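**Q** Sequence:
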Amino acid sequence: MFIKYFHRLSLPQKSSVVLFCRRAVSTVLPFIVLSLILLAISLSFGMAGGIDEYFTAFNHELPLLLVVYASLLYLMRPGIWRTLIAAVPILVLYLGMDLYYVYMHSIFKLDDLLLLPEGLTVSPIWVRGGVWLALFAWSAGFLILLRRRPRELVLPLLLLVIAVVPPITAFTAPKQFLKAAESQGLNVIPWSDRWTSASVGRATSLLLFAATKHKAMAELAMLPMVEDPERDPAVLKSTLHEARNIHILVLESFLDPERFKALKYKTPTAPPQFQALRKKMHIAESPVFGGGTAQAEFEVLCGVPALELYTSAEFNMLEGTRAPCLPSMLAEVGYRTVATQSYKPDFFNSEKAYRSLGFEETNFPTAFAGSRPTYLQYKDSEHYIFDGDLFSQNLLYVQKLITDGKPFLNYVLGVYGHLPHETDIARFPPKVEIVGVDKNSQTYLAIQQFYYRAEAVADYLKKLREIDPKSLILVTSDHLPPLDGGPKTYKNFGYTLTANDEYRQNIWLYDGPQHKKLAWPDHYYEYMDFILDILTEER
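So that you can map any letter, position 482 of the sequence shown is 481 in numbering that gives the first Met the number 0, and since no number is skipped, the others follow by simple counting.
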């Protein structure tokens, strides 16, 4: 009897303990699982060419991430779906930053979100649709599960307020934020964004980079305007020997297949007429890899490094006010400055940026030009205009410019060759037989495209030289394409144009007058001085 009585007494106590343990486990388990997943993402990508992971960095930002997770989690009603929906933004942050680094070889920063519209614009329709569908699905799921009683929202909203304090401080009080971070041993490593992210953590590095930029912007506003005497149009006018016409071509992802030493070609990678141009080929370093065309354009046309000190792309800061760049200087000494951008006017803020750089006239394809005047007839809004089609129309326009009798700058940006390397096989059947690469890969498609692009470039330069024999012609790529796996693909296929494990070295061609002491550019920001040296015969 006594044993039975004791057993009945102990049952409620045991059940309450078990219930408490179950609740504790169910409460803590989602946080443990999320932490392990984030750590697994960091470690796995670190071993596969992504950002490395240090446990000290993980410890720095894990508390903040868990507070964010808790705030989202408890804003929703209990259930398995809320654990997944609350985790999605954090998982996207970690996966996104590592994938961005793998393919672009650059650390993602908050300002890069400004480039998202451009990225979606140039993406296939299924990518755009997938992104919008994912955003809609997450938002719908969150709103459906959102708690309805105000008192149930107090704690999660308080947690959310705590979570947003660091980001808000980074933007509104960057100086104080950086000082507080420094007191905790968290600093931007000036020589490597990758090491910064690996050392302090993904989310923490985003805030550090944002605070550093906003601090720099505040300091920039306090600095006086400084005139550079070397950018004085009067100096250029007094030293200009002959007002030669200038042609600058910047081609999207114009890589050189011959540099892939691990690939074997049974047929030539380029037609015979292009092989002759290899004698005029040089190497220079682009500011970007895999994307960021506007950064390469900025260096080519303005003659200064694109450092991204104040925004993700210098073009995004330009609103139309004149800047002392090459087109502006040439316009001041009597040149007509004409740009042909073969994509959309809002691509990297091109329309305003070109006006700031000094272009008096910008031509866009008719598919995107709207009511803007343009010579470039192309009405297919779903595909990039082929280089050869772009060049043939540009040649006709150049003839018109020559007839007008005024010296001119003819700047052309070609976007054919952008990822994905979609090709009209009926018009451009494969010409290059390659051993060692999958025929469905981006690498294979890019090499096939290069054959026809090289043919178009050679034909264009030949005809351009015939109609404008004394002109100065410069052809360069904006950057190397990411292909199938970013820098890892280039390393696996033995691409020889590399420095410090970076794949920013690009081929460029020059056809025009030369001088004995001519210094060949090693960086894109040296092109402007190179051109001015030729125009003035180094005076």
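Just so you know, the hints here were simulated from the structure itself, not pulled from any lab data. Just so you know, these numbers come straight off a predicted model, no measurement behind them. Any given hint might turn out to be false.
Said to hold, decoys possible - Mimicking EDC-like on lysine to aspartate or glutamate, the simulated pairs with C-alpha atoms at most 16 Å apart in a straight line are: (1) K236 with D423; (2) K399 with E360; (3) K430 with E257; (4) K265 with D532; (5) K487 with D500; (6) K263 with E536; (7) K516 with E536; (8) K343 with E284; (9) K278 with E432; (10) K405 with D437; (11) K462 with D528; (12) K236 with D437; (13) K174 with D231; (14) K438 with D423; (15) K378 with D388; (16) K260 with D110.
**Q** For a quick check of understanding: which of the numbered hints are violated here, in increasing order?
**A** 1, 4, 6, 8, 9, 10, 11, 12, 13 and 16
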